[in-house]
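A.B. asks: Residues per chain are reported as follows:
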Amino acid sequence: MPNAPGRSRSRGRAPAPLRRRSRQPRRRLAGAAALLVTAGTLAACDGDSGGASTLTWYINPDAGGQAEIAARCTEEAGGRYTIETALLPRDAASQREQLIRRLAANDDSIDLMSLDPPFIPEFAQAGFLAPVPDDVAERVTEGVVQSAVEGSTWDDELVAVPFWANTQLLWYRKSVAEAAGLDMTQPVTWDQIVEAAEGQGKLVGAQGTRAESLTVWFNALIESAGGEIITDPSPEDPAQIELGLTSEAATRATEVMQMVAESDAAGAAFSTSTEDSTATGFESDDGGFQVNYPFVYPRALGAAEAGTLDPSVPDDYAATIYPRVDEDTEAAPPYGGINLGVGAFSQSPELAYEAAECITSDENQAEYFVTNGNPASSEAVYDDEEVLEAFPMAPVIRDSLDIAAPRPQTPYYNEISVGIQRSYHPPSGVTPGSTGEAATELIDAVLEKEDLL
Amino acid sequence: MSTTTLPPTKKTEPVSAPKGGISDRARSERKLGWLLAGPAFAVMLLVTAYPIAQATYESLFDYRLTDPDNRSFTGLNNYWVILTDTLWWQSIGVTAFITAVTVAVELVLGFGLALVMVKALRALRPVLRAVILIPYAVITVVSAFAWQFAFDINSGFVNSSFAWIPGVAADTDWFGDRWTALLVICLAEIWKTTPFISLLLLAGLAQVPEVLQEAAKVDGATRWQRLWRVTIPNMKAAIMVALLFRTLDAFRVFDSIFIMTNGANGTESVSFLAYRQTIARLEIGLGSAVSVLLFLAVVLIAFVFIKLFKVDLAQARGE
Numbered sequence: 001m002p003n004a005p006g007r008s009r010s011r012g013r014a015p016a017p018l019r020r021r022s023r024q025p026r027r028r029l030a031g032a033a034a035l036l037v038t039a040g041t042l043a044a045c046d047g048d049s050g051g052a053s054t055l056t057w058y059i060n061p062d063a064g065g066q067a068e069i070a071a072r073c074t075e076e077a078g079g080r081y082t083i084e085t086a087l088l089p090r091d092a093a094s095q096r097e098q099l100i101r102r103l104a105a106n107d108d109s110i111d112l113m114s115l116d117p118p119f120i121p122e123f124a125q126a127g128f129l130a131p132v133p134d135d136v137a138e139r140v141t142e143g144v145v146q147s148a149v150e151g152s153t154w155d156d157e158l159v160a161v162p163f164w165a166n167t168q169l170l171w172y173r174k175s176v177a178e179a180a181g182l183d184m185t186q187p188v189t190w191d192q193i194v195e196a197a198e199g200q201g202k203l204v205g206a207q208g209t210r211a212e213s214l215t216v217w218f219n220a221l222i223e224s225a226g227g228e229i230i231t232d233p234s235p236e237d238p239a240q241i242e243l244g245l246t247s248e249a250a251t252r253a254t255e256v257m258q259m260v261a262e263s264d265a266a267g268a269a270f271s272t273s274t275e276d277s278t279a280t281g282f283e284s285d286d287g288g289f290q291v292n293y294p295f296v297y298p299r300a301l302g303a304a305e306a307g308t309l310d311p312s313v314p315d316d317y318a319a320t321i322y323p324r325v326d327e328d329t330e331a332a333p334p335y336g337g338i339n340l341g342v343g344a345f346s347q348s349p350e351l352a353y354e355a356a357e358c359i360t361s362d363e364n365q366a367e368y369f370v371t372n373g374n375p376a377s378s379e380a381v382y383d384d385e386e387v388l389e390a391f392p393m394a395p396v397i398r399d400s401l402d403i404a405a406p407r408p409q410t411p412y413y414n415e416i417s418v419g420i421q422r423s424y425h426p427p428s429g430v431t432p433g434s435t436g437e438a439a440t441e442l443i444d445a446v447l448e449k450e451d452l453l
Numbered sequence: 001m002s003t004t005t006l007p008p009t010k011k012t013e014p015v016s017a018p019k020g021g022i023s024d025r026a027r028s029e030r031k032l033g034w035l036l037a038g039p040a041f042a043v044m045l046l047v048t049a050y051p052i053a054q055a056t057y058e059s060l061f062d063y064r065l066t067d068p069d070n071r072s073f074t075g076l077n078n079y080w081v082i083l084t085d086t087l088w089w090q091s092i093g094v095t096a097f098i099t100a101v102t103v104a105v106e107l108v109l110g111f112g113l114a115l116v117m118v119k120a121l122r123a124l125r126p127v128l129r130a131v132i133l134i135p136y137a138v139i140t141v142v143s144a145f146a147w148q149f150a151f152d153i154n155s156g157f158v159n160s161s162f163a164w165i166p167g168v169a170a171d172t173d174w175f176g177d178r179w180t181a182l183l184v185i186c187l188a189e190i191w192k193t194t195p196f197i198s199l200l201l202l203a204g205l206a207q208v209p210e211v212l213q214e215a216a217k218v219d220g221a222t223r224w225q226r227l228w229r230v231t232i233p234n235m236k237a238a239i240m241v242a243l244l245f246r247t248l249d250a251f252r253v254f255d256s257i258f259i260m261t262n263g264a265n266g267t268e269s270v271s272f273l274a275y276r277q278t279i280a281r282l283e284i285g286l287g288s289a290v291s292v293l294l295f296l297a298v299v300l301i302a303f304v305f306i307k308l309f310k311v312d313l314a315q316a317r318g319e
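In the order they appear, the protein sequences are chains A and B. Using full-length UniProt numbering, the first residue of the first sequence is number 1, and each one after it goes up by one. Using full-length UniProt numbering, the first residue of the second sequence is number 1, and each one after it goes up by one.
Honestly, I wouldn't trust all of these hints.
Unchecked claim - If you anchor each label on the Cβ, the simulated ranges turn out as follows:
1. B:Leu76 / A:Arg101: 25 to 35 Å
2. A:Arg101 / B:Glu29: 39 to 49 Å
3. B:Ala53 / A:Glu138: 28 to 38 Å
4. A:Ala71 / B:Trp34: 52 to 62 Å
Keep in mind the hints are simulated off the structure, nothing from the lab. Think of the CB as a built atom: it goes at the ideal place given N, C-alpha and C, for glycine as much as any other residue.
Can you build the whole structure from these sequences, using the hints too?
C.D. replies: Dropping the structure here:
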């Protein structure tokens, strides 16, 4: 072997006596460093026990807004508490998985958490959320949009603090709607926008991928048709949950889903389209209409600023209320966003609720809206001038939030949602009537633990 | 004789083996062997046997993570639920398909790459080995994202660069159909793990005695004949070990499916099913039962390989 052990060992090191001499000061140095570290650690421990409590806030990834709010509230607390943020995974389902696994192991490091509303009942039912004190409940629901309060409630009790409230709007290219002769000042239906887009050779974007966003779309359709996915949530016994997937409204919702997916306006990759890919399609030359969250607007402005998108494109953007299923029935747009939960095993729930009130203050919500594009749950924020300047469509968002419908509220939301995704995907493959029956059969069997998911 | 191999018995038998019984030296060597392997064996028991035993125990219960108070013993009911569900058999089918396709292609490609590495010029060899190994060094999730972006209808380059291939067009939605999605998943797996199989085969190639090659050459055997009648028969053990390892690995495919399709369009594998029951649905009992069945499938594969194809793991190590 060219690299014999003996040879390589002797290479690149000082002879033995020299080595010994040079080692001694190094050892002394190491000892001093160890002492310093130990002293520092001890001092830190001491400071912790007597001074500010550290609250850990598990946040969903954003553009840095929550970390900024945490820093501001830490400053405002005047030393009573310090908020540290811990980042959760990117998608809502993985965020839920991580939080639940931690809470099931009684993790007391979770003081505050940013929760996606449909998962709140599951956390509350499992006893993972510290009860909201009455006075806090009263303050945090005052002047808050109805859908955000509903999204924080389980079993007629407020279990989380409304933070920011999201909703989908119908985004359209002014030029396309004008060319198609569609009056966008009046409520429009899915049939109308598909017809207009087909006539102009443009796209209608919706989220047809097999993910949570498909449930969001289907829920909006069925609620807009006057129905509900769950008619009786039966909090005590999951096997008794009653589904409304075979109702007339559900059949109508399925018809619309099929009509959109099968139309020429759906585009080539409708069955894999997410919120992001829908926004990309809308930014392209084929963009006509899309249902999507408000983030699409700052996204287009950012792209125009970066030079990857023609500046005339975002100028052509406009938004209105979600499309109707039937002409005479008001639409029920999707409701989303984030609400704050306080961990049941937190060492200082009172301080955590105090911090939650600071985080959800009107000023912080307005700032978060402007900088991160996440709409507020507080109604007052929509009158803020800065907000109106950054989001000319803010009044539409507020109107949409007023009529938005939350997704089904049940501790078994994951089973319901994944069951719907399995049955209604791909959207072009659904059959009005029989898909609802098949979905009901699957979800019932899954809830009775007689089927895999 | 159609193939030429050295008789294995002569190679492994000690020159002066004592007749009957174990010598003192052999006994003390065996003792030393246990002493050396013992700690590792204990650690293996702790990190593998214990979780397997616990999963087997949990699989007999109806147990939801968020509702531990209502945990109840249900015997083999979870297994009955799984084995009577078409989704399970569909996942088995998808997993077997991915395993068969990827392992077969990887074996051929890996063998080719191993031959290239053996025959390459001495100066080129280290560079070549490093280049071939790069995909294997990439984390599976990262490789899955890279392949997903490449085939994505919006951001990918495949649709525009390969439009000259019949069936590929600007509007080809690779992940919107079961077979095209499986094709991309298989391609990503093949790209990533062919280096592994080629490394194992390279070790096997190095074991083929040069004397046999020379003897065959003297007898006038062509390159092709030498490959089929000398090289491959002499590295059969290495090939079988490579196949065994890769089959076991491929049967547990998860990352690529999770990233690329999330199980949509009938692309769910058995591992994915276990993940969905245990982690997403929080049904620890049902999910554990799926995991136990997956474990049994893997044991069965290993058993079939070792008993039916007579894979000798010791021979592959050159003992």
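A.B. asks: Would you mind marking each hint as holding or not holding in the structure?
C.D. replies: Taking the hints in turn, this is what the structure says about them:
Take B:Leu76 and A:Arg101: their Cβ atoms lie about 27 Å apart, and the range 25 to 35 Å holds. A C-beta distance of roughly 47 Å is found between A:Arg101 and B:Glu29, which places it inside the suggested range of 39 to 49 Å. B:Ala53 and A:Glu138 have their C-beta atoms about 52 Å apart, which leaves the hinted 28 to 38 Å range violated. Our hint of 52 to 62 Å for A:Ala71 and B:Trp34 holds, since their Cβ atoms are close to 58 Å apart.
Of the numbered hints stated above, the single one contradicted by the structure is hint 3.
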